[in-house]
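J.: Heads up: the protein sequence lines correspond to chains A and B, in order. Take the first sequence: its position 101, counted from the start at 1, is 397 in the working numbering, and no numbers get skipped. Take the second sequence: its position 310, counted from the start at 1, is 1347 in the working numbering, and no numbers get skipped.
Hints are computed from structural coordinates only; laboratory data are not their basis. Glycine is no exception: its CB is placed at the ideal position from the N, C-alpha and C atoms. One thing to keep in mind: the hints can contain errors.
[What the hints assert, rightly or not] In silico DSS-like links for lysine-lysine, alpha-carbon gap of 30 Å or less:
1) K1526(B) to K1273(B)
2) K1566(B) to K323(A)
3) K1301(B) to K1282(B)
4) K323(A) to K1575(B)
5) K323(A) to K1296(B)
6) K1276(B) to K1296(B)
7) K324(A) to K1575(B)
8) K1490(B) to K1569(B)
9) K1526(B) to K1276(B)
10) K1490(B) to K324(A)
11) K1075(B) to K1439(B)
12) K390(A) to K1439(B)
13) K323(A) to K1075(B)
[Claimed, not checked] On the chain B side, residues computed to face chain A include the following (Cβ under 8 Å):
14) M1124
15) L1142
16) F1265
17) L1567
18) E1570
19) H1571
20) A1573
21) V1581
22) T1585
Single-letter residue listing:
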Amino acid sequence: MSNTAPTDAGDRYVAVQATPEFQALRKKFRGFVFPTTIFFLAWYFLYVFLSIFAQGFMNTFLFGKITIGLILGVLQFVTTFGITFIYARWANTKLDPAADAVGAQLDGMKGH
Amino acid sequence: MTALPAYALAATTTVGNPTLNIAIFVTFVVITLGVVIKVASGKKTAEQYYTAGGAFSGRQNGIAIAGDYLSAASFLGIAGSIALQGMDGFLYSIGFLVAWLVALLLVAEPLRNTGRFTMADVLAYRLRQRPIRIAVSVSVLCVSLFYLLAQMAGAGGLVSLLLGVSGETAQNLVIAVVGAVMVTYVLIGGMKGTTWVQIIKAVLLISAAAIMTVWVLGKYGFSLSDVFTGAIDKAKASKNPATAKAAENLLHYGTKYGKTDLAKIDFISLSMALVLGTAGLPHVLQRFYTVPTARAARKSVEWAIWLIGGFYLLTLVIGFGAGALVGPDAINAAPGKQNSAAPMLAFNLGGSWMLGIVSGIAFATILAVVAGLTITASATFAHDLYKEVFKRGQSTQEQEVKMARIAAIGIGLVAIFGGMLAKSQNIAFLVALAFAVAASANLPTIVYSLFWKGFNTRGALWSIYGGLISSIGLIIFSPVVSGKAADPKTGLSPSMVTNAAIDFHWFPLDNPGLVSIPLAFFLGWLGSKLSKEHNAQKYAEMEVRSLTGHGVGPALDH
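Given only the sequences and the hints, what does the whole structure look like? Please build it.
T.: What follows is the structure in structure tokens.
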């Protein structure tokens, strides 16, 4: 679909990519999603490792029939929900306006 | 794979009223077909057929994603494995859920911003179209086919459990009916009709699970701890000494995966495939194109995460509830063994009506999942292989849609006959294999193409083919295909090749992800480094579009 994009359109994209506004947007996006991804993957694999290599710890009863393993498992749900909520709110309020500004810049360049 | 067990076929008795179960299922089919016919008015463009014209809202799409993702294996398999093995069953659902963060943070929005019809649109964006589209199509068709066969074979096994019919002919008939209904949905409704089927199914499935959960908790004074105690007490009273002895282990991790070092490594391998595979499943990615913007795609994943996560929390209670109220002896004695845990719990709670409803929903689940797979596979076939590769982009809309419909019929036939052949095989590993192939052949290329400037065609091809060949190759030479020790009672091996004398396995793990995923990432890097190709202009265009959503939609499509 996009292979036949006219050269001037391609040049516009190259020009926009080089602007400080776009570089800031890119940095903002990556600055959020990359560390968050590293965090949740590390936390998930920590949990996987604990549940197969540290069973004594995971199977300790905290109260009633509730074990540390269950609490940590439920915490995986909590962090997943939490990251979803925080990311969505951050993206809606911080990322989208910055992306719109760069988009408007592109549209502005169209009128030549 | 051991996680999502095959629907055992040893049917002798059944609970509830098979006629009622069938009646409820038929009612579902009639109502959904009515909806599909109603929403499918007018002639279809390729865009409407593949993506419903991107006209769904984020919330609708999020519910449909849950409907697409929560397969019968999730509902029956996970609840059953929690009922019989306790906490180990819970480990799977966590992997299946956390995986959605990959989709939320890295894939959904950039994918929506840079593609329009299929997954290959994104991967081919700044690379050489033809070789990439061919490679992606091969991988998409493999993943979809594995997933589809597992679901169809499951449908055959499920009848013996839910409808009380165990004969070869009856099971084949059910597989043919499921396949025919699925193709009908896809041909009449395209993506729009299929999406509505998934929305209806998701609402029914999650509602039924919520009702059962509240019901179980109500019986135990809303104390989860008391449900656990109930399950342990019931297991202690088991007539099977092994079950009684292991009763306390229900709350312990590692009853299944902690025994040997090999089992532990195998579980890590499985976890990698689960957490990285979801965001590479073609039928999941296809759903991101059914909304108009990246923001709606974000909203979709938000909704999907709430619903899927909520659902897996419910299965924890349903699983332990089945252990407490039905008990391991009754579950093991039932046709379908652990897959019957949730239906039997329904029967225990609400009698044959509740069982009928849950059974009907389980069938509906299979139907909605296979329809989503079929539409994705047919889109890949028509758009990537036929239009872009074979016709070099020169086909008309009519030709393309016609080809997609022919492909849907072809895929339907493969699913029906494959399902009939596979139903008596040990093919439950196919679901795990689909995740492993998606994580190896698709995800590395998606991530590199969206985020790495230096990525190029050679890297993509090496990564896709390397991931595909290594994951499938390792499975062929793994114990799931041949060489597991024979069951002393039956003399048959639990491998796919049941003859214990045939053993050609040399790869020790059941799950290839531990090797194939890093290998695919490495090959993608190496191939790119060894090629000079770099299209700075297309890279700029892709990156700017992926972050700003500029040029999304037909109006601005040059």
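J.: Each hint needs a verdict: does it hold in this structure or not?
T.: Against the structure, the hints come out as follows:
no.	hint	result
1	K1526(B) to K1273(B)	holds, 24 Å
2	K1566(B) to K323(A)	holds, 24 Å
3	K1301(B) to K1282(B)	holds, 23 Å
4	K323(A) to K1575(B)	holds, 20 Å
5	K323(A) to K1296(B)	violated, 45 Å
6	K1276(B) to K1296(B)	holds, 24 Å
7	K324(A) to K1575(B)	holds, 22 Å
8	K1490(B) to K1569(B)	holds, 12 Å
9	K1526(B) to K1276(B)	holds, 19 Å
10	K1490(B) to K324(A)	holds, 17 Å
11	K1075(B) to K1439(B)	holds, 21 Å
12	K390(A) to K1439(B)	violated, 44 Å
13	K323(A) to K1075(B)	violated, 46 Å
14	M1124	holds, 6 Å
15	L1142	holds, 4 Å
16	F1265	holds, 4 Å
17	L1567	violated, 24 Å
18	E1570	violated, 15 Å
19	H1571	violated, 13 Å
20	A1573	holds, 7 Å
21	V1581	holds, 5 Å
22	T1585	holds, 4 Å
When each numbered hint is compared with the structure, violations occur for hints 5, 12, 13, 17, 18, 19.
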